[in-house]
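J.: Residues per chain are reported as follows:
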Amino acid sequence: MPMGETLLSVEGLRVHFPIRSAMLRRQIGAVRAVDGVDLTVARGETLALVGESGCGKTTTGKAILRLVDSTSGAIRLGGEDIARHDAKRLAPFRRRMQIIFQDPHASLNPRLSVGAILTAPYEIHDIGTPSDRPDRVAALLATVGLPGEAARRYPHEFSGGQRQRIGIARALALSPELIIGDEPVSALDVSIQAQIINLLAKLRAEFGLSFLFISHNLAVVAHIADRVAVMYLGRVVETGTREEIFFDPKHPYTQALLSAVPEPIPGGRRQRQMLTGDVPNPAKPPSGCGFHPRCPMAMDVCRKLAPETRSLSPTHSTACHLVTV
Amino acid sequence: MTNRVWQRFRTHKLALAGLVTVTILLLMAILAPILAPRDPTLIETQLRFLAPFANASLPLGTDELGRDTLSRLLHGGRVSLTVGLVAMITTVLTGALVGIAAGYLGGIADTLLMRFVDTMLCFPQVFLLLVVAAFVPPTLLSISLIIGLTSWMEVSRIVRAEILQLKEQDFIAAARALGASRRRIMFRELLPNAAAPILVAATLKVASAVLMESYISYLGYGVQPPLASWGNMLTNAQGYLDTVPWLAILPGIAITLTVMGFNFLGDGLRDALDPRLRMDP
Amino acid sequence: MIGFILRRILQAIPLVIGVSLIAFALMHLAPGGPLAVYTLNPTIQAQDIERIKIILGLDQPLHIQYFRWATGMLSGHWGFSFFGGRPVLDIILERFPATLILMGSALSVAIILGLGVGILGAVKRYSIFDTLATSGALVALSFPTFWFGLMAIYLFAINLRWLPSGGMYEFGEEGNIFSLLRHLVLPTMVLALVITATWSRYTRSAFLEVMNQDFMRTARAKGEPQSARLFRHAFPNAAKPLIALLGVELPFLFSGALVTETIFGWPGMGRLFVDSLNMKEYPILMGLMMFTALFVIVGNLIADIAIAAMDPRVRLA
Chain Z
1 MPMGETLLSV EGLRVHFPIR SAMLRRQIGA VRAVDGVDLT VARGETLALV GESGCGKTTT
61 GKAILRLVDS TSGAIRLGGE DIARHDAKRL APFRRRMQII FQDPHASLNP RLSVGAILTA
121 PYEIHDIGTP SDRPDRVAAL LATVGLPGEA ARRYPHEFSG GQRQRIGIAR ALALSPELII
181 GDEPVSALDV SIQAQIINLL AKLRAEFGLS FLFISHNLAV VAHIADRVAV MYLGRVVETG
241 TREEIFFDPK HPYTQALLSA VPEPIPGGRR QRQMLTGDVP NPAKPPSGCG FHPRCPMAMD
301 VCRKLAPETR SLSPTHSTAC HLVTV
Chain R
1 MTNRVWQRFR THKLALAGLV TVTILLLMAI LAPILAPRDP TLIETQLRFL APFANASLPL
61 GTDELGRDTL SRLLHGGRVS LTVGLVAMIT TVLTGALVGI AAGYLGGIAD TLLMRFVDTM
121 LCFPQVFLLL VVAAFVPPTL LSISLIIGLT SWMEVSRIVR AEILQLKEQD FIAAARALGA
181 SRRRIMFREL LPNAAAPILV AATLKVASAV LMESYISYLG YGVQPPLASW GNMLTNAQGY
241 LDTVPWLAIL PGIAITLTVM GFNFLGDGLR DALDPRLRMD P
Chain D
1 MIGFILRRIL QAIPLVIGVS LIAFALMHLA PGGPLAVYTL NPTIQAQDIE RIKIILGLDQ
61 PLHIQYFRWA TGMLSGHWGF SFFGGRPVLD IILERFPATL ILMGSALSVA IILGLGVGIL
121 GAVKRYSIFD TLATSGALVA LSFPTFWFGL MAIYLFAINL RWLPSGGMYE FGEEGNIFSL
181 LRHLVLPTMV LALVITATWS RYTRSAFLEV MNQDFMRTAR AKGEPQSARL FRHAFPNAAK
241 PLIALLGVEL PFLFSGALVT ETIFGWPGMG RLFVDSLNMK EYPILMGLMM FTALFVIVGN
301 LIADIAIAAM DPRVRLA
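Residue numbers (the numbering used here), protein chains in the order written: chain Z, 1 to 325; chain R, 1 to 281; chain D, 1 to 317.
Just chain Z, same shape as in the assembly (with noise of 0.2 Å):
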């Protein structure tokens, strides 16, 4: 995989809701949905986020993209750090990032036809001429393998994985650098999973796009990710290239959840790694490692200190106190 330069890098990011008491409104606790997190994605590279529902890599992926206001931490898009700015000066960026969302059924709005889902970035942007757009819708559509005449339609006439090449599209429309696929292929039937991952490899070759593509399935990441980072409870425990993780996973959480997933590369580790316990309440995190309850080689120090990552090699980094450098 060509690496360039870094496009996308977050460093320390912090997203907490704060739980306020229901008389005067008083701060009385946090949920801490994203605890510090860093990562980065290169130019054309695709990184996958993966962790269980509620370890807060959709918040991440809200949060790097302002439809959530971190609470510290910086985002930096081409070096400039975006996470304070408001909404002039964000503008110029949004037309780089853009977002895929999870249900085809309520990402695109039911009362407007395909047609002006499509031009409204254009519109929004102001770019091209009201003579022009339907072409650029008809481009748009092209690129995503439907026919024109689907702009006249309206998304209930289509099905999910149609829908969904329907949000890829918008998603295109600005020719941005980086793409967030917020679990783009969960609410989609295998058959069709297959088909829109196969889509947006394609598309990525063609746009030379990067990609942050969150989700809670190592076997599909495993086709199309470059780079995988692990998350649990608003931390990433694990960061590697696709093989390191794969088949030198270092975290005792990546090792379970790999051992759940079946074979999703040939000759991948296979260690069948039991999880016990439940996932713990985010407003109220476990002391020290936010996985020492679950963790079946959990050590004294594990419940008193939260482990710092350590880099294995220039590309594998982990969390954990079994892993001393």
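Think of the hints as simulated: they come from the structure by calculation, not from any bench. Ideal placement from N, C-alpha and C gives every residue a C-beta, glycine not left out. Careful: at least some of the hints might be erroneous.
[As the list claims (entries may be wrong)] Restraint-style ranges between C-beta atoms, simulated for each label pair:
no., chain 1, residue 1, chain 2, residue 2, range
1, D, Val-139, Z, Ala-139, 56 to 64 Å
2, Z, Pro-130, R, Ile-30, 50 to 58 Å
3, D, Gly-116, R, Leu-164, 45 to 53 Å
4, D, Lys-124, R, Leu-164, 49 to 57 Å
5, Z, Glu-157, R, Leu-26, 32 to 40 Å
6, D, Phe-235, R, Leu-26, 39 to 47 Å
7, D, Phe-252, R, Leu-164, 24 to 32 Å
8, R, Ser-142, D, Ala-46, 44 to 52 Å
9, R, Gly-66, D, Gln-60, 38 to 46 Å
10, D, Phe-235, Z, Gly-160, 43 to 51 Å
11, D, Phe-252, R, Ile-30, 40 to 48 Å
[As the list claims (entries may be wrong)] Some chain Z residues judged to face chain R by a derived CB distance under 7 Å, without partners named:
no., residue
12, Leu-67
13, Ile-99
14, Phe-101
15, Asp-103
16, Ala-106
17, Ser-107
18, Arg-111
19, Ser-113
20, Gly-115
21, Ile-124
22, Gly-128
[What the hints assert, rightly or not] Here are the simulated lysine-lysine pairs, DSSO-like style, with alpha carbons at most 27 Å apart:
no., chain 1, residue 1, chain 2, residue 2
23, Z, Lys-304, Z, Lys-250
24, D, Lys-222, D, Lys-124
25, R, Lys-13, D, Lys-124
26, R, Lys-167, Z, Lys-88
27, Z, Lys-284, Z, Lys-304
28, D, Lys-53, D, Lys-280
Dock chains R and D against chain Z, hints included.
T.: Just chains R and D now, with coordinates in the frame of chain Z:
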């Protein structure tokens, strides 16, 4: 999709009846000058108090000044319906605007707007209407506007509730991700989705506006004679109840039929457009 | 519970202030200002009006006027009427009992009838009774109240001569309870019509919603008879939105009372309102606006507290 809506609507016999009634009424109102056999303001005291069907050219009788009741009913209907429709437009515009702004913008704007709505709702509508109507010269436009501006509160609550639900959906997040301005999101993305409850509310508000007009015209603060409206046709009728009751009966039937028609139509629309909306506003 | 009550009272205070602001604004928006009625009198000259202005404090800046008016209201000084110079609050309180009697009787009738029709309709859903009741309610909602009153007078007072056509008592029979009841029948019927219709509709919806819930099915599976299910399980749960409805419908009750009192010559606050309107008695009008608004606010407060007393979950709000 409109087919599905129409199918559901068709099964509602009363709603269909409402639709037919409303259509007939609107036609009668539009064609009143053509349909009315006489000038409604023509005073012929020698013909006063004629009973209905007593005279072939005055099928519904005459009032205390010898004016033809049928013509007055037709022209009065025109006036009452016009007021009803203009009032409805005012109500819907104001209510939708306030509801969308409060619902989408949230925060202080929402709190302030909704507290304002709550405050306005503390006053009985007829009281509020009369007080303002007494201050303002009673032209058709001012009456319609006043009725409209004292009835928008429920519409704003309905719209706000719909918007609160809608704004969490992914397609709104997508619009924000594209960089859409708040105004664009409110009016191009959210508003079309709120169309159903707005349409239902609009239909029902015509009914209530026609009722309100009849109240204030009856009390003398609405449409002023000699211009006839169904309301002011009833103003003097009470004094003649023992002698010429039809002067009171006929305009009231007209008002009731009109309001019924719009109410049934609105109810049917609500059931057809979204079974979810079954609770009354 | 106490905390809830305190919180609700605190929430009601901005409402009271808002209501007073609107009433004050309305009074001063009147063309000719609050003293317009004097300009109609040819014997009063411009300098007299100026003097009256100063005496009444109307030359002061608006916010000072508001403050004085508002604090005056709090201590029971609601101003004086233009004609006769009597205290407004006294005039209003004189008329209040009559309106209370009318509203009270209409509300009682409406609630009992509305509950009955609504519950029956919910229990026998889609039966002939239910369809008739639902459409009947919608028809009843479409009648102009005052016209219904006129028709009622025509039928019962003029044609059948069963009941009097207006007023509260026969002349010279003030205080006679039978006279009162005879005069109360028609106005109550008229005022109750619309409220009954609304109530039956809401009751039906509320009961249907409760009856479809799982705990009702459990009760049925346990073999509880329908009447027990209705009254022990369904009713307490359906009662909450209905009590809330009561609070919400209060302004509507006043509106209807105004119209009804006018038709029947009933000497209550509604009639006072219309008379004051005709005579441009702004102090009384503003007093009535405030009175009704405050009544509504207090009524809603009581309704909310009643609901909270029934449902502990609400107290956390």
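J.: Hint by hint, note whether the structure agrees.
T.: Going down the list of hints, with the structure as the test:
no., hint, verdict
1, D:Val-139 / Z:Ala-139: 56 to 64 Å, "holds (58 Å)"
2, Z:Pro-130 / R:Ile-30: 50 to 58 Å, "violated (36 Å)"
3, D:Gly-116 / R:Leu-164: 45 to 53 Å, "violated (36 Å)"
4, D:Lys-124 / R:Leu-164: 49 to 57 Å, "violated (36 Å)"
5, Z:Glu-157 / R:Leu-26: 32 to 40 Å, "holds (34 Å)"
6, D:Phe-235 / R:Leu-26: 39 to 47 Å, "holds (44 Å)"
7, D:Phe-252 / R:Leu-164: 24 to 32 Å, "holds (25 Å)"
8, R:Ser-142 / D:Ala-46: 44 to 52 Å, "violated (29 Å)"
9, R:Gly-66 / D:Gln-60: 38 to 46 Å, "violated (55 Å)"
10, D:Phe-235 / Z:Gly-160: 43 to 51 Å, "holds (45 Å)"
11, D:Phe-252 / R:Ile-30: 40 to 48 Å, "violated (33 Å)"
12, Leu-67, "holds (5 Å)"
13, Ile-99, "holds (5 Å)"
14, Phe-101, "holds (4 Å)"
15, Asp-103, "holds (6 Å)"
16, Ala-106, "holds (4 Å)"
17, Ser-107, "holds (4 Å)"
18, Arg-111, "holds (4 Å)"
19, Ser-113, "violated (11 Å)"
20, Gly-115, "violated (14 Å)"
21, Ile-124, "holds (5 Å)"
22, Gly-128, "violated (15 Å)"
23, Z:Lys-304 / Z:Lys-250, "holds (21 Å)"
24, D:Lys-222 / D:Lys-124, "holds (21 Å)"
25, R:Lys-13 / D:Lys-124, "holds (20 Å)"
26, R:Lys-167 / Z:Lys-88, "holds (21 Å)"
27, Z:Lys-284 / Z:Lys-304, "holds (15 Å)"
28, D:Lys-53 / D:Lys-280, "holds (17 Å)"
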